[in-house]
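Chemist: If you follow the hints, you should be able to join the two separate chains into one complex; please do so.
Single-letter residue listing:
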Amino acid sequence: MPDITYISPDGTSTTLEARLGDSVMEVAVKHGVEGIVAECGGACSCATCHVYVDEAFTDRVGGAGDLEDDMLDGAAAERLPNSRLSCQIKMRDELDGLLVRIAPEQL
Amino acid sequence: MDDILIIGAGQAGMQLAVSLRDLGFTGPITLSGSEASGPYQRPPLSKAYLSGEADVETLELRAPSFYDDKHITLRCDDAVVAVEFTGERGVATTASGARIEFAQLALTPGSEPRRLQIEGGDLDGVLYLRDLSDADELKGRWDAAANVVVIGGGFIGLEVAAAARKAGKAVTVLEAADRLIARAVSPITSEFYRQAHRRRGTDVRLDARIARLVGETAVAGVELEDGELIPADLVLIGIGVVPRSGLAEQLGLELSGGAIVVDEFARTSDPRIVAAGDAVLLPHPLGGEGRVRLESVQNAVDQAKVAAATLIGKLEPYRAVPWFWSDQADLKLQIAGLSSGFDEAVLRGNPDDEHFSVLYYRDGQLIAIDSVNDAPDYMAVRRALGQNATIPADQAPDTSRPLKSLVVPSPA
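Line by line, the protein sequences give chains L and B. Take -10 as the starting number for the first sequence in this note's numbering and just add one per residue. Take 4 as the starting number for the second sequence in this note's numbering and just add one per residue.
It is possible that some hints are incorrect.
What the hints assert, rightly or not - Pulled a few chain B residues facing chain L out of the computed Cβ check, cut under 8 Å: (1) 44; (2) 65; (3) 330; (4) 337; (5) 379.
Unchecked claim - Computed footprint of chain B on chain L, listed as stretches where at least three residues anywhere in the stretch have a Cβ under 8 Å from a Cβ of chain B: (6) 8 to 15; (7) 18 to 30; (8) 34 to 47; (9) 54 to 68.
Read the hints as simulated data drawn from the structure, not as lab findings. Here the structure is a predicted model, which means the values were calculated and not measured. We put the beta carbon where it would ideally sit given N, CA and C, even for glycine.
Chain B with its partners taken away, still in its complex shape (with noise of 0.2 Å):
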């Protein structure tokens, strides 16, 4: 029988499903995931969710009666354990010890945040955000918390942070390195971050040196290293996510630096075996060098696509153009292509206005976008890339002119 297994049911799992079916695979699909919920958006848990905008029917990605009426088994709240191929067939085992057979099999296991190893680490109110449960928890201490203090500057932390002070809590964001979002953006979005979470009044320290976390049974305070005691009755930690690839090294799939390495085609080292989204490491989508993780809905998405069309014998290699954005406070932060390896950076109105974008070059070519409450820019240079098209670096900052009234086709 022509059965797939999909391990995992967030939003690369639930994409893969569907695509099958819009692929028009008439197979039994299972799709299998730990949660006991069935899939559901995360981005919103560290905005709408916590601020009380949404709820978890508004976060379901599916209403229950659409994997009935596509002929997808949703297998919740069970996770599988184990996974192996005799022959043919494999067999995959889950916690409660049902047996899953299949013939092919697509692993989408997501990530989960990466842990802080430090005394007090444990105490009541240090807090993670990754899925329901944790959103859930964090909002179930929300209302009593005043003083928040949040460990990492990423996107999930200042996301958070915006929210409790929107909320009125004192909030407090430690960053270890010397910038904050400093695996995203470029240094000039990453100023314009701190200086407009100070302006709404988060003390942002960068550099920070944590000694440990202080209190009795729940915390009380973050200690610095120089001895400082940040006042704290909750502690929310987004220093990162590590891939789930346990499965995969069971399988002895290739893995690098954690995640499972994957082709052009989202195929792993093991050809009978697919694997999309968070935990998984891609050829860089628009020809740069080497390869790259993308912690993203869209590529969560895109890739599941490319994967199904690989699992019904479609090869179509995975061109999307990447993009992401981050809502914190009364900004938008919007962002296409990869900005990494960028040799020029050109600042394209101004940041003090809270309006601006900041366009990345390499050799010449644009190869990505950070937007700030800008959405035309972003979606000129969204189009641009995915037309293989560039904007002249000398002209984009002429904000008399719209960005898009400037591409231009790239030079062969």
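Chain L with its partners taken away, still in its complex shape (with noise of 0.2 Å):
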């Protein structure tokens, strides 16, 4: 099962391990780590589990889909070329030890 690391945006790392097919967003919110949201349940419908990807994990995790795209112009915390809504991540081998930083603003 593989790793994810979570940077909160008060600075508190927290490392979880991952069913596969899981979505980023998914296995924070259900062990609570701070600071994501989704408020919708993993629908791509309220860009409130904004996360910064890891720039060694950027190429592998790819970008956002037209829909996560046009969301993520709409997210409260400023966009940057690593954004991706974590509802959107689903998790592999490949993406053990991922790091996100968590975005400072979700709503």
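Modeler: What follows is the structure, given as structure tokens:
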């Protein structure tokens, strides 16, 4: 099972094991990681699970799809080239060790 | 002891428990639910769960260990059947006979599907969709069903219809009103969905008059009043919900139309008791007229946060912008604000492209948007409504300019 490390806006680091196919958002929310709101539960409808993907992983994670791209434009925190909505990143083995920083504002 | 009981372990109940902890409440919290599973997401039941893209573990709102970590006592599969206050303390009794004492009470009972009173309504294969067990029954019959009839052209019905078409079934939607989703969207959006579902091969009937459901033991068809028989091996009924207010009634709380009446702080008519979620009638959150009942994840979450704050003595009025979504086939509908009471609807984009928005106004002030496959429009309006801003109605149709560039402060 691949690991994900989350850096919360207050600097707290949390490492969790993900089930293959789970999204980076789901794993965080289910374990109460601070800073990911995910109001819509993963339907790409709210832009409240905004993360910055660590540069070592941006290629493997890939870019946002069309809808996600639009939603990111409306996200509360600044959009950066490595911005993603974490509900749209599904975990697979090659993402083991993934590091994401949670955006400072979600709402 | 300063212990809190939350009755109803859905989205609102779970959020209330979590928010109490987030706000620093350290006393005992019991979250009591009637279903076998802990709190889970309901929206995917008519979408990803049906299509097999989500399983039970995916639906869980929190991992089982989360409740232990937060010292939240989760009691599943044992509905509270009676509750009363004796002086300062209250006690709830569950179906299994357990007694739960508490000092403060939160009701998050949710709602249940309105039942269709009709001949043949109890035949095998006539289903409703609200909880996981309903979804499992629907899923169990899904593969074998060739002809699906959906009674009720609201969100649940249309989402299931879209999933059934995608799975290659013959699908008919029977709606009693003269348009689809009439309670939530304007005629423009309703007509778009009628056409969009027809384009995808669903037979949509408005003003449908159903005489009876026919079959021996299992349903075989739906007979209309004009005698037409529509074959069906699966009938899904989605004609709205009824608030679960039985315990509120026992407690003597004020109800209206079966819903629990609360103020802007989520307080019921008994100040010791808060309530949140689908079963609640609340003052219009954006200062509009009257009271509203909101059946949505957003409302469950935001109202639960208000209720949690109230329980710890921190009064914060409910001012969240309502929002909602519905996924039907490749159509993503996103709604922000509440359009009821609008006096002007402005179309932006072309519905025939399946990419457009409808902006709603009242007395010249923007109050809501329906967006289909247009997330930027939806986000622009959601933000504008939260900042007491508006978009001039005469400029809104101009798709050459992003909607967010048209946002201006509301006139004082």
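Chemist: Hint by hint, work out which the structure violates, then give me just those numbers in ascending order.
Modeler: Violated hints: none at all, because every hint is consistent with the structure.
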